[in-house]
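Participant: As a plain string of letters, each chain reads:
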Amino acid sequence: MAVLVDKKTRVIVQGITGSQGTFHTASMLKYGTKVVAGTSPGKGGTDVNGVPVYDTVREAKREHDATASIIFIPAAYAADAALEAISEGLNPVVVITEHLPVKDEIRVIHVAAQKGITIIGPNTPGIITPIVKQKVGIMPGHVFSPGNVGLMSRSGTLTYEIAAGMTLAGIGISTAIGLGGDPCVGLTPTEGLKLFRNDKATRAVVLVGEIGGDAEERAASFVSKGFDLPVVAFIAGRTAPPGKRMGHAGAIISGSTGTAEAKIKALKDAGVAVAERPSQVAELLRKALK
Amino acid sequence: MKLLEFEAKDIFRAFNLPTPLGNVAKTPEEAKTRAREIGKPVAVKAQVFAGKRGKAGGIKFANTPDEAGNAAREILAMRINDLPVEAVLVEEKLDIQQEIYLGITVDRTERKYVVIGSSAGGMSIEELAVRSPEKIVKMYVDPLLGFQTYEAREMAIAMGFRGKMLNTLTSMILSLWSVADSYDAELTEINPLILTKEGRLLAADARLNVDDSALYRHKKLTDGLRREPVEQNAREKLAAEHDMAYVELDGDIACICNGAGLTMATLDAVALHGGKASTFLDLGGGADAERVKKGIEIALMYPKVKAVLVNIMGGITRCDEVAKGIVAAREEKGLSIPTVIRMVGTNEEQGQEILSKAGIPFLKTMEEAAERVVQLTKEVS
Numbered sequence: 001m002a003v004l005v006d007k008k009t010r011v012i013v014q015g016i017t018g019s020q021g022t023f024h025t026a027s028m029l030k031y032g033t034k035v036v037a038g039t040s041p042g043k044g045g046t047d048v049n050g051v052p053v054y055d056t057v058r059e060a061k062r063e064h065d066a067t068a069s070i071i072f073i074p075a076a077y078a079a080d081a082a083l084e085a086i087s088e089g090l091n092p093v094v095v096i097t098e099h100l101p102v103k104d105e106i107r108v109i110h111v112a113a114q115k116g117i118t119i120i121g122p123n124t125p126g127i128i129t130p131i132v133k134q135k136v137g138i139m140p141g142h143v144f145s146p147g148n149v150g151l152m153s154r155s156g157t158l159t160y161e162i163a164a165g166m167t168l169a170g171i172g173i174s175t176a177i178g179l180g181g182d183p184c185v186g187l188t189p190t191e192g193l194k195l196f197r198n199d200k201a202t203r204a205v206v207l208v209g210e211i212g213g214d215a216e217e218r219a220a221s222f223v224s225k226g227f228d229l230p231v232v233a234f235i236a237g238r239t240a241p242p243g244k245r246m247g248h249a250g251a252i253i254s255g256s257t258g259t260a261e262a263k264i265k266a267l268k269d270a271g272v273a274v275a276e277r278p279s280q281v282a283e284l285l286r287k288a289l290k
Numbered sequence: 001m002k003l004l005e006f007e008a009k010d011i012f013r014a015f016n017l018p019t020p021l022g023n024v025a026k027t028p029e030e031a032k033t034r035a036r037e038i039g040k041p042v043a044v045k046a047q048v049f050a051g052k053r054g055k056a057g058g059i060k061f062a063n064t065p066d067e068a069g070n071a072a073r074e075i076l077a078m079r080i081n082d083l084p085v086e087a088v089l090v091e092e093k094l095d096i097q098q099e100i101y102l103g104i105t106v107d108r109t110e111r112k113y114v115v116i117g118s119s120a121g122g123m124s125i126e127e128l129a130v131r132s133p134e135k136i137v138k139m140y141v142d143p144l145l146g147f148q149t150y151e152a153r154e155m156a157i158a159m160g161f162r163g164k165m166l167n168t169l170t171s172m173i174l175s176l177w178s179v180a181d182s183y184d185a186e187l188t189e190i191n192p193l194i195l196t197k198e199g200r201l202l203a204a205d206a207r208l209n210v211d212d213s214a215l216y217r218h219k220k221l222t223d224g225l226r227r228e229p230v231e232q233n234a235r236e237k238l239a240a241e242h243d244m245a246y247v248e249l250d251g252d253i254a255c256i257c258n259g260a261g262l263t264m265a266t267l268d269a270v271a272l273h274g275g276k277a278s279t280f281l282d283l284g285g286g287a288d289a290e291r292v293k294k295g296i297e298i299a300l301m302y303p304k305v306k307a308v309l310v311n312i313m314g315g316i317t318r319c320d321e322v323a324k325g326i327v328a329a330r331e332e333k334g335l336s337i338p339t340v341i342r343m344v345g346t347n348e349e350q351g352q353e354i355l356s357k358a359g360i361p362f363l364k365t366m367e368e369a370a371e372r373v374v375q376l377t378k379e380v381s
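Line by line, the protein sequences give chains A and B.
For the first sequence, position 47 (counting from the first letter as 1) is numbered 47 according to the numbering used here, and the numbering increases by one without interruption.
For the second sequence, position 155 (counting from the first letter as 1) is numbered 155 according to the numbering used here, and the numbering increases by one without interruption.
Looking at chain A on its own, in the form it has when it is part of the complex (with noise of 0.2 Å):
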């Protein structure tokens, strides 16, 4: 078991015949994930790492029964690639373009709620699931070993800081979740709780929050109304100025809102156990698994 990304996932990459997109299907297919085809218009026919190119979503999910999709398109057309592979029925999307314009994040998320489609991202290193070898996402796969906490993050080289220490500690990862770094993102770190509720092979839960927004607020709302696996949490930005965007375009303190420790307060008030340190997370969770 695992969350949305389990051993029968079959992964399209949308513009693998860009850079990012040919060097992550490599590290894809090195790492175990089953990469089944690949889309670029007009490179039809051809091929990138012995993965078949289409032109469109429609014929590689045709061909190749493909069931989810990666995107390594440029922000300016990857709303458009979203939708194509929306359109397919393809669940979940995982959008790893940054800086999309907000109005397309917001148009995408909501034709994909109306499907029961999740998109992860954008702006997000992907999913993982170790004990099945399968990532759809550009995290390096050795830092995630197989074991029974779900992880959230809105952060990249932080999430992999964090599964670091927990390897370290002897904790590993059922599924690890990018959140992305947008303002407008996808799937929430509330319907990460709810995913993560239901899968049998997870024991805990993690989520490392950021400043900007009150997605945390709105988790710890969540789990203060009861729910029943343990959750430690991580919030960065403690130190972090109003105003001002910390390197993603969601990380922004508002006026009074989206301030760390908002969250934080939220958070443990919900009764989560908030590190104080990335260090400090592997520890809460051997407490919590206690």
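None of these hints come from the bench; they were simulated from the model.
Yeah, the Cβ is synthetic: ideal placement off N, Cα and C, and Gly gets one too.
You may find that some hints are simply not true.
[What the hints assert, rightly or not] Once the Cα atoms are required to be at most 27 Å apart in a straight line, the calculated DSS-like pairs of lysine-lysine come out as:
hint	chain 1	residue 1	chain 2	residue 2
1	B	112	A	194
2	B	276	A	265
3	A	287	B	364
4	A	244	B	276
5	A	115	B	112
6	A	244	B	219
7	A	244	B	304
8	A	244	B	237
9	B	112	A	244
10	B	220	A	244
[To be verified] Covered stretches of chain A, as calculated for chain B (at least 3 residues, CB under 8 Å):
hint	stretch
11	93-101
12	137-143
Place chain B on chain A using the hints.
Facilitator: Relative to chain A, chain B alone:
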């Protein structure tokens, strides 16, 4: 990208949103001429990116053209929010009956545009939410259908308007939505929207912040500006040219890392050990030696920096490349202040070897590194 008031008003008028009679001026003489053209008492308003410019003295009233010229002279000499005032907007002074609030922004959690209105305007929406939350009317825009006329009408009624004013306000709300939709706006705001004693509704102030990620499809806007799209210092400009996320802070330790979350967490770790960061610098993914060197070079340009902390979690970024960049920065760019390196991940051993040969120590955990750099900074200050 934020637009100045007069730039936003130019756009608002193109969408049939009435604004007070007025024009922009860059010198006291021009301001005098503008006031004469208007032919009645005027407001002279600083054109800066700052809320509360009124409290900072950036808005003055004048009864005659001469007074307007003097007001402009004073305002143009000011710095507001640490920025120079390069222009003023000279506008007819309004006889205020009522101040109203209208704004459209993105609700990140609902992932929808939200239209906000209130019969009590003139203060910020946050103040309003504290003082009279019952007067705030909110309507979410359907992501697939857009905002409908009947919804704007219901909103105007909820704001307390009936009769002839109902239809006027309805069409203003719809126009504001058209501006937001057409310009990929993060924030479109009229505060205050003024109902004058003679019964006119006018956008007395205007804010329009365009989504930076959508600027590529608003070339007309960016090309037409008579100024830099963003206020940046030389270091910020250089970092932006190299596509590095760079933010300056008040402390003295420059944090150079890969990934936004890790960089924020590194700043926090420095603070936990009693230090203060001067610099948030995210190299991004897959930085090579040249890029690492450039990042250090940019960080060193900031005079507040007394020490450097490089924290790398190698994934697609390779530690050997990072090490080469650090060595090059020391040899070519005069990196002579205390420097602490922490890197793990891809090609860690090769990186370690390069640093050892160059006599540069490095640490394995983020916390050790943060503690060490704070300690070194205290020794040099």
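Participant: For residue 244/A and residue 237/B, compute the direct alpha-carbon distance and say whether it is at most 27 Å.
Facilitator: holds, 15 Å
Participant: Under the criterion that the straight-line Cα-Cα distance not exceed 27 Å, is the pair residue 112/B, residue 194/A satisfied?
Facilitator: holds, 22 Å
Participant: Taking 8 Å as the C-beta cutoff, is the stated coverage of the stretch 137-143 of chain A by chain B satisfied by three or more residues?
Facilitator: holds (count 4)
Participant: Is residue 244/A within 27 Å of residue 276/B, Cα to Cα?
Facilitator: holds, 17 Å
Participant: Can you confirm whether the C-alpha distance between residue 276/B and residue 265/A stays at or below 27 Å?
Facilitator: Cα-Cα ~23 Å, so holds.
Participant: Are the Cα positions of residue 244/A and residue 219/B separated by 27 Å at most?
Facilitator: holds, 24 Å
Participant: Keeping to a limit of 27 Å between CA atoms, is the pair of residue 112/B and residue 244/A held or broken?
Facilitator: holds, 22 Å
Participant: Please verify whether residue 115/A and residue 112/B have alpha carbons no more than 27 Å apart.
Facilitator: At roughly 17 Å apart (the allowed maximum being 27 Å), residue 112/B and residue 115/A satisfy the hint.
Participant: For the stretch 93-101 of chain A, count the residues whose Cβ lies under 8 Å from any Cβ of chain B; is that count three or more?
Facilitator: holds (count 3)
Participant: Hey, residue 244/A versus residue 304/B, does the alpha-carbon distance stay inside 27 Å?
Facilitator: Holds. Residue 244/A to residue 304/B sits at ~19 Å (cutoff 27 Å).
Participant: Can you confirm whether the C-alpha distance between residue 220/B and residue 244/A stays at or below 27 Å?
Facilitator: Between residue 220/B and residue 244/A the Cα gap is close to 26 Å, so the pair holds against 27 Å.
Participant: Taking 27 Å as the top limit, are the C-alpha atoms of residue 287/A and residue 364/B close enough?
Facilitator: Status holds; Cα separation ~25 Å.
Checked against the numbered hints given earlier, the structure satisfies every one of them.
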